[in-house]
Every structure is written in C-alpha cells, then in structure tokens.
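Undergrad: If you're matching them up, the sequences are chains F and Z in order. Residues 1 to 464 in this note's numbering are what the first sequence spells out, letter by letter. Residues 1 to 59 in this note's numbering are what the second sequence spells out, letter by letter.
Hints in this document: simulated from the structure, not taken from any laboratory. From a predicted model like this one, the values you see are computed outputs, not experimental measurements. Where a beta carbon is used, it is the ideal one built from N, C-alpha and C, also for glycine. Don't take each hint at face value.
What the hints assert, rightly or not - Residues from chain Z shown here face chain F by an in silico Cβ test under 7 Å; the list is partial: (1) Ala12; (2) Gly27; (3) Ala39; (4) Leu41; (5) Ala43; (6) Val51; (7) Gly53.
Claimed, not checked - Computed, partial: chain F to chain Z, Cβ under 8 Å: (8) Tyr194; (9) Ala240; (10) Ala302; (11) Ala303; (12) Leu320; (13) Asp333; (14) Ala341; (15) Gln348; (16) Arg351; (17) Arg353; (18) Gly411; (19) Leu412; (20) Pro435.
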Amino acid sequence: MTNATATAIAAGVRRGDVTARRVTEQSLRRIADVNPAINAVVDSLAARALARADRLDAAIRAGQDVGPLAGVPFAVKNLIDVAGVPTLAGSLINRDRPPAARDGALVRRLEAAGAILVGTLAMGEYAYDFSGRNAHYGACRNPHDPSRMAGGSSSGSGAAVAAGMVPLALGSDTNGSIRVPSALCGCFGLKPTYGRLTRAGSFMFVASLDHLGPLARSAADLALAYDAMQGHDPDDPACADRPVAPVSGLLARGADGLRIAVADGYFARGADDDALGAVARVAAALGATARIEIPEAARARAAAFVITASEGGNLHLPRLRARAGDFDPETRDRLLAGALAPAAWYVQAQRFRRWYQDRVCALFRDVDIILAPSTPCVAPQVDQQTMVIDGQTVPVRASLGIFTQPISFIGLPVVNVPLKSAGGMPVGVQLIAAPWAEDRALRVAAELEARGICAAPIAEIAHA
Amino acid sequence: MAFDASAYLDQAAGLMGIEVDDAYRPGVIENLDRLAAVARLVAEFPLPDDVEGAPVFTA
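Working from the sequences, and respecting the hints, build out all of it.
TA: Listed below in structure tokens is the structure:
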C-alpha cells in the first residue's frame, strides 16, 4: 500500500481489505528505509500511530464508521503542534520550549476523519526559506534526485509525499512554501484561500500571509483531506466564518465550463523553458488560448517581501535580542533586517495589498482559472546559491518564490499540479482561482490528472 | 539622500534594543540594503488616500 493514494487506502481500510495497522506499518517501514537518504522526517511517531491504528481497526471490526480518511497515514510540517513533541519549526531555539500540550487543530480534524499521524516533517528554519536547507538539521533532499533541493519551506512535506513515505502531508505557505516544494518534488499541493483553514496550534511566521494546506499524490487526495479540515475555528483570528464547502463530489466535473487563461507579462518572463513549457502543455491540454496580465505583480512580490520581513522580524524580536547566535545564519540576517524596518514601509505594503487585491479580483469576472509557473526552473542543486534565468544570474533562494509570492499575497487559492520536465525532474504549474473557489482549481487539477497531463509518481530511491 | 545601511543599523538596533554581533553586521547590512530597494518599489507607488490596509484581511 505504500504506493497507494489516500483515497485508495481509505476505501481498502473501510471495506476491511487491509487493516489500518498494516498500512501504518508499511508507512513507518518506508520512512525507516528511505529517510536516511532524504531527511524529510524529523520525528517518527511509531508508538502513537500503531496504537491509534489498532483502535481504528477495532472500531471497524465493531461496525463503526471511522471516517473518510480511514487508516490514511499522514505527517505534518513540524511547525504544527503534536502533543508531547516540541514544535521546533526547524529551529534550534524552539528545543527549549515545552512539548506541545495538544495536537494542532488540523491534526485533530484529520484524525477525527480517520487519518493516522505517523511523523513530523523537516522545514527551513521558522519557514523563512524556499530551498529546504537547514543549518541545524541538514538539508532535506529531493527524492527524484537527492543531489538536488526539495524546495521549501515545507521541504519535508514535499519530499515525504514524493518518496512514498506518506500519501498525505500538511505544509504551510506564506509566500510559496507549499507550492515550491510541491513543484520541485512533483506533488499536488493546495494552498487554500487565506482564512479557509485554521492555523490554531501552529508556530506560524507572518500572520498576515500564513496559510496551511495539504500535499498529496492526487487531486482527489487533496480534496479528501481539504474537506476534512474545513470549518470555522475561533482559535484562529484570521479563520473565516464560512460554511464548509465540500469539493470531493465536484471533481468529476473537470474543467467543463471554466474559463482559463495564461498569466502574461511578469509570469511569462524570468522562467526557463522547463517552467514555461509546463504552462504551455497545461494550457494546450485545456484549450486555454487567452492571456491575461496580473497588474503590478512585481510590486506585489515586493510588498509581500516587506510584510514578511517586518512581521517575521517582530515575531522573533525577543529571540533576536537574546539568542541571535542560535539562528540559522540564512534566516538570522534577514530577520534582523526585518526587525529594524520602518513602519511606513510596512503600512504602505498593507495598503498596496488592498489596492492590488481589488485589481486582481476584478480579473475573475472574465476568467475562472489563471495558469502560471510555480517556480522558474526545476530543483537546483542542494547547495546552489545562484542560477541563470533568462540570461540573468539571480539568487536561488529568493528567486524560487517569484511566481508564488504575488498570489499568496492576496490569499488566492492555488493548486500546484506536477508535470515531468524534458530532463525528467518534476516541474509545477499553478492553477489560480478567485477567493473561496478552491473547487475550481481542484476540478482542473483532477481533469489534468485523469488525462495523464499531470502525475505524481513515487520516486525510486536507492537505500541500504 | 542615499541610504546608509550601516549607520541606520547602529541607530535602529539601539532603538530596538538589539545588539548586533560584528560577525553578523555585513549580512544584516546586505539585507537592509535589499529590503530598502524592495520597499522603494512599494513606497513609490502612489495610492489614493482612501485605500486602507485592512486590520483584518479577508480574501
């Protein structure tokens, strides 16, 4: 079952074809086998997972309905609380925090639907990262080529799914941290609308921009997990009080009736042939010939950059004062600079966000889905610092997010769909929808998957 | 007037109660320069007076 989707596992467990214990054991074994080469899993929670699997199997034998995610192993980025484990958020400093008293809200919701938490996952320190590098715990590596980076900051989430350790993982996305590793590792990833999924019980980064969401190997799995996690939560002040809007039953509609356009201008420059070719293949498959300009996208990225530095710097101010030497150097200097930024920059960036949101949302009167690259290229080498895009030498870490940042800035829902590049490495395309229209992005993802345009095969990994 | 990130760092770090180790100074100055360049893109964009940053942002 290690290569099965969450949907297939849940169906098998619910029917009694396979036990939750067996599925959980297989997931734990795959983690033990391949994690040394990939470094995606931080804590393997075998005792907890197996105890829960046994309870679930007993409930199934007793004829109870254990939920739509029955027996599905999943793992979470280690900024989401797991009872009894310190929430490290990729840092050394958080080792001094007491273990979390209870599971984060989304862990509770997934487990209430029958899923089984098997581990916590690697990430760039405090989520301020697009590479998956980590000075404290080592880089998380790309399962499709371990000499390359997994992408970040939800590096372990993308890598664990692509490596077949778990069929489902949770990540966070402030500026692209679900979509970048999904694209580089070759997974389906959903960054829902800002405010859709609760962030309660997480060690977050930039409250104005933070989202949580699922990564998986099929659009149906994203939908299944997303449906189980929806719903208002007063413990997250940004969580919208909206009715649950299940999407799983809508996927069969595919792209039928949806108006789809390709993002032009900013999103058609600064990317290589792999990235732009993937967009072209998706557009051709969907018959999308229209092109649309998202206005002031470069400025939107700049404003997201300023808000991230300022809020991140403020959040970590006590730690920057007391323990600057214990930060990852790649994180520390940016947070220190952000902590010193004048208020006028931040306020202007927040006001620009409103202006930009009004302009971009107006585009959705004429279009339902906008296509854009997820990253400018396939996964660079783990330690690579610069790359050449469009004839320009640019820094790898910041540049990986150039196409994701202007979208999450105003909270639009996005699905990353995975394609294979000419060289064999995964490459991703963003399916961007209007606020609260996750269903449309997921429908298009499901159609592209059904037609074989997009796929998330498990990586073959050499292990001892 | 040109932005002097080194002088700004001394003043702002003092104001914020952060002691920046000499070993980190070059990296912080580099990041302040980058942040200033990026912020300029945002700051130079004229916004109407009635555009408010929402205290609670709703997508």
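Undergrad: Tell me if Z:Gly53 is really an interface residue toward chain F, meaning its C-beta lies closer than 7 Å to one of theirs.
TA: holds (3 Å)
Undergrad: Measuring from the C-beta of F:Leu320 to each C-beta in chain Z, is the shortest one below 8 Å?
TA: holds (6 Å)
Undergrad: Holds or violated: F:Gly411 as interface residue toward chain Z, Cβ cutoff 8 Å?
TA: holds (3 Å)
Undergrad: Does Z:Ala43 meet its interface restraint, that is, does its C-beta lie within less than 7 Å of any C-beta in chain F?
TA: Result: holds, 5 Å to nearest chain F Cβ.
Undergrad: Going by Cβ atoms only, is F:Asp333 closer than 8 Å to chain Z?
TA: holds (3 Å)
Undergrad: Under 7 Å, Cβ to Cβ, is where Z:Val51 needs to be relative to chain F, so tell me if that hint holds or is violated.
TA: holds (5 Å)
Undergrad: Answer holds if the nearest beta-carbon of chain Z is closer than 8 Å to that of F:Gln348; otherwise answer violated.
TA: At about 5 Å, which falls below the 8 Å cut-off, the nearest Cβ of chain Z leaves the hint on F:Gln348 intact, so it holds.
Undergrad: Measuring from the C-beta of F:Arg351 to each C-beta in chain Z, is the shortest one below 8 Å?
TA: holds (4 Å)
Undergrad: Holds or violated: is the Cβ of F:Arg353 closer than 8 Å to a Cβ in chain Z?
TA: holds (7 Å)
Undergrad: When the nearest CB of chain F is found for Z:Ala12, is that gap smaller than 7 Å?
TA: Hint holds; Z:Ala12 Cβ to chain F Cβ min 4 Å, cut 7 Å.
Undergrad: Measuring from the C-beta of Z:Leu41 to each C-beta in chain F, is the shortest one below 7 Å?
TA: Hint holds; Z:Leu41 Cβ to chain F Cβ min 4 Å, cut 7 Å.
Undergrad: Given a cut of 8 Å on the nearest C-beta pair, is the interface hint for F:Ala341 held or broken against chain Z?
TA: holds (6 Å)
Of the numbered hints listed earlier, not one is contradicted by the structure.
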